[in-house]
Each structure stands twice: as structure tokens, then as C-alpha cells.
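Asker: With chain A's structure known, arrange chain B on it following the hints.
Number of protein chains: 2
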Amino acid sequence: MRQSTETRTVAERGVDYAFSGPEKEGLYKAIFSRRDVRSHFVRNKDIPDDALLRILNAAHHAPSVGFSQPWNFILIKDAQTRKRVKESFERERERSIKMLENDKEKQERYARLKLEGIMESALNICVTYDPTRFGPFVLGRTSIEDTGVYSVCCAIQNLWLAARAEGVGVGWVSILSNEDLERILGIPAHVKPVAYLCLGYVEEFAQKPDLERAGWLPRMDLAKVICYEKWGKQESEKWSGLCDAVSRLSRNNI
Amino acid sequence: MRQSTETRTVAERGVDYAFSGPEKEGLYKAIFSRRDVRSHFVRNKDIPDDALLRILNAAHHAPSVGFSQPWNFILIKDAQTRKRVKESFERERERSIKMLENDKEKQERYARLKLEGIMESALNICVTYDPTRFGPFVLGRTSIEDTGVYSVCCAIQNLWLAARAEGVGVGWVSILSNEDLERILGIPAHVKPVAYLCLGYVEEFAQKPDLERAGWLPRMDLAKVICYEKWGKQESEKWSGLCDAVSRLSRNNI
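If you're matching them up, the sequences are chains A and B in order. The first sequence begins at 1 in full-length UniProt numbering and counts up by one. The second sequence begins at 1 in full-length UniProt numbering and counts up by one.
With the rest of the complex left out, here is chain A:
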């Protein structure tokens, strides 16, 4: 199947494979300026079909275990449907607030946060996982069942980044009842809702995530989430070059 046996790396092979400076910048720009949008949707401005098509096609080109492509995308504009989803959000939000009964300060901060843009975004997309797709034997899913739903998450991240490049904001509403979603959208029992997304043009992509700006939590140092060779080993002679580079990055708070 291989077209070539030469051992030069793709970076050395040139245009077909390598990324130009601006192309590489484009990918990193999408990754670093992507935001979970709740408050900044522009009202009454549709996403054109060609942009939406590119966004969905990007999602569809995610990796999937055994090439099973186990995703579906339910596109929702209908106001009545959204209203019912919003009501599910309100109920779940109330439940969350009650969980913070013993931490009044946190409870008040939580209650002040804007956490969804269901009604004011241009459209909503429910992304689902169908474990029966091309099954029952799905190559690569025989040892770790969850890899099926992991594939759907990769598709969601592709969608999110493509939307960013199109100037479209995405907000993931996770404060919802999946049972409500199944009922409202007629999702069959064997299919699992994975994400409920709100999409639309935005007034701005904030410089930092909303929860970081609001002081809810800080961004962790990259050094804190890297281990070398084994869990918990956060320094290593053998990896000293990377350790130093990671520390410099953390110090510069990039």
C-alpha cells in the first residue's frame, strides 16, 4: 500500500506534507483562541450553509476506533425544542446550586455565572454516540469499550476548532439531563447523547476562558500535568531538556 519507501520525514519532503508558517499558525490560533461561549452570541445572525457544512465535515473526519464513525449530529433551530432543553438546564442548574448549600460563597458565585446560550445562539447541535454502528465487532473496541464514545469526543473537538476558524463560537452545555434530551429529541435507547452544543457568531472570543477570568479556577502549569516514564515522576535526568523547556513556559505563564 505504501507509495514510497524513502525515509526522509514528511517535514523534509516538502509541500504535500509540510505545513507553511501561516498554516501552522492557523492551527495553533484555533487551539489557543477557541472559547466555550456562553455570553457573546450575536443574535439573529445565521451561519451560512457552506460554513456549517465545513464545520460538520471537519467533525466527520475525526479519528474513530475501528473507523466506526459512531457519531450523529442533530441540528436544532426550533424554538420550542430549545425551550424544553433550556428548562432541563434550569432544573439541573437548581440541583447544582443545592449541592453547594454548605459553601454559600461558592454557591453565590456559581449562581451569578452565565452558563449557556441555548436560546440566543444561531443553532444547537446534539452530538450522539451509536455503539451499534458497524457492530457488534468493532476493531480496537474489544478491550476498552469506552473508546467508542471517545471517538465522538474527538469529533466534537474538530467541530469546535473548525467553528473557531470560521469565526463561529461554540458553547457546550453539560448542565442537562440526558434523559430529558433523549425524550425531547426522540433519541432511541441504544444511542447516547454526548454533547449539547450552541453555535453562533460572536461579539468576541474572550482572551481567556470565562471561568478563569471570573477567578473560578486558575490555569494549571503545564509542568504539573506531565510525568516522565511513570505516574507521579515529574522530573527526570533523561528528559532534562523537555523539563527545562516546560518550566520556562510555566514561568512565563504562556
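Careful: at least some of the hints might be erroneous.
Listed next, the in silico BS3-like pairs over lysine-lysine satisfying Cα-Cα at most 30 angstroms (straight line) [claimed, not checked]:
(1) A:K230 - B:K104
(2) B:K230 - A:K83
(3) A:K114 - A:K192
(4) B:K233 - A:K77
(5) B:K238 - A:K83
(6) B:K77 - B:K114
(7) A:K224 - B:K77
(8) A:K104 - A:K208
(9) B:K106 - B:K86
(10) B:K238 - A:K45
(11) B:K208 - A:K192
(12) B:K104 - B:K114
Ranges between beta-carbon positions, derived for each pair [claimed, not checked]:
(13) A:G232 - B:A79: 13 to 23 angstroms
(14) B:K114 - A:N178: 46 to 56 angstroms
(15) B:P218 - A:G186: 20 to 30 angstroms
(16) A:R248 - B:K77: 49 to 59 angstroms
Hints in this document: simulated from the structure, not taken from any laboratory. Just so you know, even glycine gets a beta-carbon here, dropped at the ideal spot from N, CA and C.
Answerer: Frame of chain A, contents of chain B only:
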């Protein structure tokens, strides 16, 4: 918190927000030419620290529920460690092959496939999920517990795309026992392995996914995975523009 109340969209606001043509191309190029690499790793060629740092930092800038950043990245070069992981793969592969006992033709096709590059890649990365990070109350994870691990999957997809832009291939080995991984890497009981990745420069990024080229499964038409307003509704008057665009794309097999 908002810096501006003007309603022009980001696409209309210019350089700070908008993507240039090549920047946009770069993102889509990464998405469409990313491959799950098993056979094409260049041996004995390290990934430079600065490239690896960019790849890991891209992963760390994924979205996460409640900004909980619940991921860790265990970087592995040690040959003994990899050998033990490879043995876990071999055992799980044998188990998979036995599952196809009643479909000899499929079983033989499966047995011929190259499904991992654990030993020949430049390094391995085990990506894990820590549900206790910034817990126990994680904003947005109170209704759907799984959103924690979904965040880790978004980080994996960022890593994968950044690697592609750097000319680095990534292969996700899912035919493994998580119990083996936990033991080999010393992962504590409360932390869950999510992905075991092999990274390295490659001889080529294949034009199509390995499993598509091998005729294991076809890529689905995009039209087949989109529904309008409700599950199962694959046509819609109200969405006719997008329906037509999706059909054209599917016909052109892009």
C-alpha cells in the same frame, strides 16, 4: 467583563479574530490529513523538545468541564516499559482474534493488519483522567459525570492535530488492558487511563485511513450522520439549503 458591546461579528472585526486564508487552510489541512499511524514511523529520530512542548501545550489548552483540566500526560521512552505494554497488546490482540472465530474471513483480515507502533515510534504517551482534580464539586459535571473524561478526549484530539502540523504522526493503541497499563505505569486507583499514544516522525501520512484503504470499512456519507430537529429526520424543508449542500458533498465523495 465584556470589552465591547458592538455587534459586528468577529469575522467582520479583522485581524485580531479573523483567520487569513492560509491560517484557515492550516486548520483544515491538519484535520483532513491527520492519520492514525501504525506502520509509517521513522526509526531512531527523536522529536525535538520545542516541537514536543508545542504539542503538549496544545493538548493542555483543550476545553474542560468547569475548567478542571483533569488530564495527565505520561511520557515514555524506556524500552522495558514499552515492551511490557507491547505484551499487553499481544494478549489483547489474541483475545480479539478469538472473538472472530465464527467469521474466518474477517479473522484472517484482522490478523494481517498492523495495529500499533509501540516499539518503533519515538515515544509513547499515556493520557489519563483524574476525576478528583479541583473536586469534589466540579462545575458542569454535576449532571453528566462522563463530561470529565470527555474533556481528556478533547485534549487528545488537540495533541493529535498539533502533532500533524509539526509533521509528527500519532497512533492510538486501544487494544490494551487498562489494568496492565495501571500496573506498568504505577497509575493510582482513582486515575483512569484514557489513551495510549505512539508518536514519531513518519515516512508518509497516508491519503486515507489505513482501515479504509484496507477495505475494512468505508467512510460514511456525511448526509447519513446528520439529522434535522429530531433523531432520525434526515430531510427537512426548513434546512433545504444545507441538505442540498451535504448531498452535493456526499456525491462528490469528499
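Asker: For each hint, tell me whether it holds in the structure or not.
Answerer: Tested hints:
Of the pairs offered as hints, the one joining K230 (chain A) and K104 (chain B) is violated, with about 40 angstroms between alpha carbons and a cut-off of 30 angstroms exceeded. Among the hinted pairs, K230 (chain B) with K83 (chain A) is consistent with the structure: their alpha-carbon atoms are about 14 angstroms apart, no more than 30 angstroms. A threshold of 30 angstroms between alpha carbons decides the hint, and for K114 (chain A) with K192 (chain A) the separation of about 26 angstroms falls inside it, so the pair holds. In summary, the hint linking K233 (chain B) to K77 (chain A) is supported, as the alpha carbons are separated by about 14 angstroms, within the 30 angstroms threshold.
As the CA atoms of K238 (chain B) and K83 (chain A) are separated by approximately 19 angstroms, the hinted pair is consistent with the 30 angstroms bound. For the suggested pair K77 (chain B) and K114 (chain B), the alpha carbons sit about 21 angstroms apart, so the restraint of at most 30 angstroms is met. A distance of roughly 19 angstroms separates the Cα atoms of K224 (chain A) and K77 (chain B); the hinted pair therefore holds under the 30 angstroms criterion. Straight-line distance between C-alpha atoms of K104 (chain A) and K208 (chain A) comes to about 26 angstroms, which keeps the hinted pair within the 30 angstroms bound.
The suggested pairing of K106 (chain B) with K86 (chain B) holds, with an alpha-carbon distance near 23 angstroms, which does not exceed 30 angstroms. Proposed proximity of K238 (chain B) and K45 (chain A) is supported: the alpha carbons are some 16 angstroms apart, at most 30 angstroms. A C-alpha spacing of about 28 angstroms is found between K208 (chain B) and K192 (chain A), which places the hinted pair at or below 30 angstroms, so the restraint holds. Of the supplied pair hints, the one linking K104 (chain B) and K114 (chain B) holds, its CA atoms being roughly 18 angstroms apart against a limit of 30 angstroms.
With their beta carbons about 21 angstroms apart, G232 (chain A) and A79 (chain B) fall inside the hinted range of 13 to 23 angstroms. Separation of K114 (chain B) from N178 (chain A) is about 38 angstroms and departs from the stated range, judged on CB atoms against 46 to 56 angstroms. Separation of P218 (chain B) from G186 (chain A) is about 27 angstroms and conforms to the stated range, judged on CB atoms against 20 to 30 angstroms. Look at R248 (chain A) against K77 (chain B): about 21 angstroms separates their beta carbons, and that is not inside 49 to 59 angstroms.
Hints 1, 14, 16 from the list above are not met by this structure, while the remaining hints are.
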